[in-house]
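Number of protein chains: 4
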Amino acid sequence: MCVIKLLKEPELEEPILIEGLPGIGFVANIAAMHIIRELKGEKFAIVTSSSFQDFAMTVEGGGVRAPINELYECAGRYIVLYGNTQAGSNVGQYELCWRILELAKRYGCEFVLTMGGYRRERVVGRPKVYCAATDPDVLEEARELCDGVVAGNIYGAAGLLLGLGKLMGMKGVCFLAETPGFYPDARAAKEVLSVVSKFLGMEIDLTRLEQAAILTEGMLRDLLEEEEGRKGGIV
Amino acid sequence: MCVIKLLKEPELEEPILIEGLPGIGFVANIAAMHIIRELKGEKFAIVTSSSFQDFAMTVEGGGVRAPINELYECAGRYIVLYGNTQAGSNVGQYELCWRILELAKRYGCEFVLTMGGYRRERVVGRPKVYCAATDPDVLEEARELCDGVVAGNIYGAAGLLLGLGKLMGMKGVCFLAETPGFYPDARAAKEVLSVVSKFLGMEIDLTRLEQAAILTEGMLRDLLEEEEGRKGGIV
Amino acid sequence: MCVIKLLKEPELEEPILIEGLPGIGFVANIAAMHIIRELKGEKFAIVTSSSFQDFAMTVEGGGVRAPINELYECAGRYIVLYGNTQAGSNVGQYELCWRILELAKRYGCEFVLTMGGYRRERVVGRPKVYCAATDPDVLEEARELCDGVVAGNIYGAAGLLLGLGKLMGMKGVCFLAETPGFYPDARAAKEVLSVVSKFLGMEIDLTRLEQAAILTEGMLRDLLEEEEGRKGGIV
Amino acid sequence: MCVIKLLKEPELEEPILIEGLPGIGFVANIAAMHIIRELKGEKFAIVTSSSFQDFAMTVEGGGVRAPINELYECAGRYIVLYGNTQAGSNVGQYELCWRILELAKRYGCEFVLTMGGYRRERVVGRPKVYCAATDPDVLEEARELCDGVVAGNIYGAAGLLLGLGKLMGMKGVCFLAETPGFYPDARAAKEVLSVVSKFLGMEIDLTRLEQAAILTEGMLRDLLEEEEGRKGGIV
Numbered sequence: 051m052c053v054i055k056l057l058k059e060p061e062l063e064e065p066i067l068i069e070g071l072p073g074i075g076f077v078a079n080i081a082a083m084h085i086i087r088e089l090k091g092e093k094f095a096i097v098t099s100s101s102f103q104d105f106a107m108t109v110e111g112g113g114v115r116a117p118i119n120e121l122y123e124c125a126g127r128y129i130v131l132y133g134n135t136q137a138g139s140n141v142g143q144y145e146l147c148w149r150i151l152e153l154a155k156r157y158g159c160e161f162v163l164t165m166g167g168y169r170r171e172r173v174v175g176r177p178k179v180y181c182a183a184t185d186p187d188v189l190e191e192a193r194e195l196c197d198g199v200v201a202g203n204i205y206g207a208a209g210l211l212l213g214l215g216k217l218m219g220m221k222g223v224c225f226l227a228e229t230p231g232f233y234p235d236a237r238a239a240k241e242v243l244s245v246v247s248k249f250l251g252m253e254i255d256l257t258r259l260e261q262a263a264i265l266t267e268g269m270l271r272d273l274l275e276e277e278e279g280r281k282g283g284i285v
Numbered sequence: 051m052c053v054i055k056l057l058k059e060p061e062l063e064e065p066i067l068i069e070g071l072p073g074i075g076f077v078a079n080i081a082a083m084h085i086i087r088e089l090k091g092e093k094f095a096i097v098t099s100s101s102f103q104d105f106a107m108t109v110e111g112g113g114v115r116a117p118i119n120e121l122y123e124c125a126g127r128y129i130v131l132y133g134n135t136q137a138g139s140n141v142g143q144y145e146l147c148w149r150i151l152e153l154a155k156r157y158g159c160e161f162v163l164t165m166g167g168y169r170r171e172r173v174v175g176r177p178k179v180y181c182a183a184t185d186p187d188v189l190e191e192a193r194e195l196c197d198g199v200v201a202g203n204i205y206g207a208a209g210l211l212l213g214l215g216k217l218m219g220m221k222g223v224c225f226l227a228e229t230p231g232f233y234p235d236a237r238a239a240k241e242v243l244s245v246v247s248k249f250l251g252m253e254i255d256l257t258r259l260e261q262a263a264i265l266t267e268g269m270l271r272d273l274l275e276e277e278e279g280r281k282g283g284i285v
Numbered sequence: 051m052c053v054i055k056l057l058k059e060p061e062l063e064e065p066i067l068i069e070g071l072p073g074i075g076f077v078a079n080i081a082a083m084h085i086i087r088e089l090k091g092e093k094f095a096i097v098t099s100s101s102f103q104d105f106a107m108t109v110e111g112g113g114v115r116a117p118i119n120e121l122y123e124c125a126g127r128y129i130v131l132y133g134n135t136q137a138g139s140n141v142g143q144y145e146l147c148w149r150i151l152e153l154a155k156r157y158g159c160e161f162v163l164t165m166g167g168y169r170r171e172r173v174v175g176r177p178k179v180y181c182a183a184t185d186p187d188v189l190e191e192a193r194e195l196c197d198g199v200v201a202g203n204i205y206g207a208a209g210l211l212l213g214l215g216k217l218m219g220m221k222g223v224c225f226l227a228e229t230p231g232f233y234p235d236a237r238a239a240k241e242v243l244s245v246v247s248k249f250l251g252m253e254i255d256l257t258r259l260e261q262a263a264i265l266t267e268g269m270l271r272d273l274l275e276e277e278e279g280r281k282g283g284i285v
Numbered sequence: 051m052c053v054i055k056l057l058k059e060p061e062l063e064e065p066i067l068i069e070g071l072p073g074i075g076f077v078a079n080i081a082a083m084h085i086i087r088e089l090k091g092e093k094f095a096i097v098t099s100s101s102f103q104d105f106a107m108t109v110e111g112g113g114v115r116a117p118i119n120e121l122y123e124c125a126g127r128y129i130v131l132y133g134n135t136q137a138g139s140n141v142g143q144y145e146l147c148w149r150i151l152e153l154a155k156r157y158g159c160e161f162v163l164t165m166g167g168y169r170r171e172r173v174v175g176r177p178k179v180y181c182a183a184t185d186p187d188v189l190e191e192a193r194e195l196c197d198g199v200v201a202g203n204i205y206g207a208a209g210l211l212l213g214l215g216k217l218m219g220m221k222g223v224c225f226l227a228e229t230p231g232f233y234p235d236a237r238a239a240k241e242v243l244s245v246v247s248k249f250l251g252m253e254i255d256l257t258r259l260e261q262a263a264i265l266t267e268g269m270l271r272d273l274l275e276e277e278e279g280r281k282g283g284i285v
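Residue numbers (my numbering), protein chains in the order written: chain A, 51 to 285; chain B, 51 to 285; chain C, 51 to 285; chain D, 51 to 285.
If we strip away everything but chain A, and leave its shape as in the complex, we get (with noise of 0.2 Å):
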């Protein structure tokens, strides 16, 4: 089962589908979230699976919140996939991909942009971008923009909605950013957008990801030498 509730029928052009759920140091999720606030999307549907977890998670005073994906019209030109989950299992995914891409085509929709984070030890300087696209000409001008290539299989809705994009018809790219992966990673989803928007040609303000990733990086750092403290501590 998976149900996309249509909202509103959002004013698109030929629009991309950029694909922004959670997933490794939460690089897409964060990007997308941008994207949304920059651009000030607006949400035109909301979608459920019975592959999602079956719980309701409570917010801060007692609020309730679904497992949910939901779609926002980003300046009329963007499909933006944002949400708090993503299915949990290969069955579920599958089926929500294709779901999405059918409804994204509907739109008029040819061209499908995923994001994510490219698991490393050990990040050092500035987060390297690498890329995957389903057709010579679209990697080609990814590679221009990017530092490498991506070796290796891209896992979830980043992967699969390019596999199955190809299928329907649509091209597809990847943009990954180097992450350790264990924290929300604000300056690999910076790092991620500015490329992507080079892509696109996307005018966007990454001014606030640029804050968010010096505030994240200022409470790293503190963690890291508090721990190093108690070491010397114990020594």
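Errors might be hidden in some of the hints.
Any copy will do: because identical chains look the same in the list, a pair fits if it lies in one copy or spans two.
Stated by the list, open to error - Only pairs whose alpha carbons sit at most 25 Å apart, straight line, appear in this in silico DSS-like list of lysine-lysine:
(1) K90 x K58
(2) K221 x K248
(3) K55 x K155
(4) K155 x K58
(5) K58 x K178
(6) K55 x K93
It should be emphasised that the hints constitute simulated quantities derived from the structure, not laboratory data. The structure displayed is predicted, hence computed values, not measured ones.
Go by the hints and put chains B, C and D onto chain A.
Just chains B, C and D now, with coordinates in the frame of chain A:
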């Protein structure tokens, strides 16, 4: 596969769906059973799902019962979901909850109330009751009657019915009572039902539930003393 | 996916569905095979399910058999469910049983009889036969022919057909014979069938089953003696 | 979900379905690839299933490939099932095989031929080829070309296509060649294809497969010697 067999058309006006399936401490199950008994509920539908266990249970004397969920009409105002099992997979849970909500909606239901236990290592004195709600207005109302709000996820049908109900445009609230969770906790059920009845303006006599709670507590005390006696013997 | 392929229209009058799938000690399987042979049953349908194992079995000489269930018409009064497998998941079991019950109902079936083994560490003398039923009248009748009633759950198709049958308005009974369960137990099958034939007023010759039981017992005795001989040799 | 996308209508006359999916030693996969190349097969359908893995594979240089199955028309007489994966669950396998058989039947297919590896600790000399068949006539024919018959189960699509095909009224045969199974075994593929081509009266040049086998054997010998050299050094 989820099959709802309608036994008769219930007479209901803007009914409220009350969930009472087995869960932590059987709190919801006991409370729902009490509502059905006191309000002389009439069974109007039985629900089976391929996600229930694939066996038959025997009861005393060789009778056979299937894993099942049932819907009761109570006082023309409530649909009580009662049963001896929940679905064993999240796909099954989604389908089951979805189908029950659809049916409830068909009878004009716009509000879902779920109940349950809130597991605690140790419950001191009267079990506290916590709430969560999908809607700020409802939450405010509920908080006035409770000791606090739920933190963390609400598992199973109690959580899912809220989330899916919201997607279908229904408001929802959940009440959880503290319970150690390892025995059928009539005390917790009484506390939850005490709040629920105030919240709904439901006229219901809780005497029998109080008696069951006292009985259970007596049995537990005996068990405890016996155990301590044995420990003493060893020393 | 559960596909029932009808090979021919059976001629049946208010038939009784008799379940004989593989289970503990192959008790039902052996008993059903005996009914089919003695009553010259005719196969009228084959059933396949995506919950059966995904392999083909080879038989002596290179033949290939699929995991399958079959329906036989016996004596114009019985539908015997026979096969070499049960479904491997509860979702599959529900679908399979549901579909078979639907078909049986179409032929006027209002009664389901299931059989099986009742696992015992040690079976002394004649294996006892226990019963369970969905209906008080049926239970009473069955108890008169049995050594007692089943306590605990009835797993697999033997249990599920009763529960789902009840939902479809069919009465049902289950007979289980004691068996150690680790070998095909013709003795237990004979005991079950002896009760079943009395219960149904089915005229059936149990000689061959008795012979098979004696043969099996001889083989087991030999194995046992051989083993004890070996143990003796070690001492 | 199992989606077959027809790329074009193949021209086929009473075609034979030949299975060549990845399995033990990639025997069928290599043999099928060879048939497609030598007979200049044309892809006419792509198949995706929600039971395939939920990721995209990247290939050298950043290209992206989805887990997929494909159907090729070869010489107007064969439908070759080729791909880079099998379904990951038995439910998925059943649906996939069923759908492919349905499609094949629509083109007049009445015969299924499956291939595979027969795992052996040690293969001495020419790998032996074993057969199994759903029909006595076919089995007799196949046995004359083989070293023996298959004992035990035939796993995956190779087995399931036979069993389900039989249910659909198609005859079927399976040829398995001995293989250690842990590397892509071109030698075993050649032996299987040698038997298959005789069985089908298929004119096909096996030279390239022989070359690949020699190449593989050379590489394995080098690896082995290197390893023994290392062992020697240790002693």
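Taking the hints in turn, this is what the structure says about them:
Taking the shortest Cα distances, K90 and K58 sit within 25 Å of each other inside one copy (16 Å), while across copies they are farther apart (44 Å). Proximity of K221 to K248 under the C-alpha cut-off of 25 Å is restricted to the intra-copy arrangement: shortest distance 18 Å within a copy versus 43 Å between copies. In this homomeric assembly, K55 and K155 come within 25 Å of each other (Cα to Cα) both inside a single copy, at 16 Å, and across copies, at 16 Å. Taking the closest pair of Cα atoms, K155 and K58 come within 25 Å of each other both inside a single copy (17 Å) and across two copies (22 Å).
Taking the closest pair of Cα atoms, K58 and K178 never come within 25 Å of each other, the shortest separation being 38 Å inside a single copy and 42 Å across copies. In this assembly of identical chains, the alpha carbons of K55 and K93 lie at most 25 Å apart only when taken from the same copy (11 Å versus 32 Å across copies).
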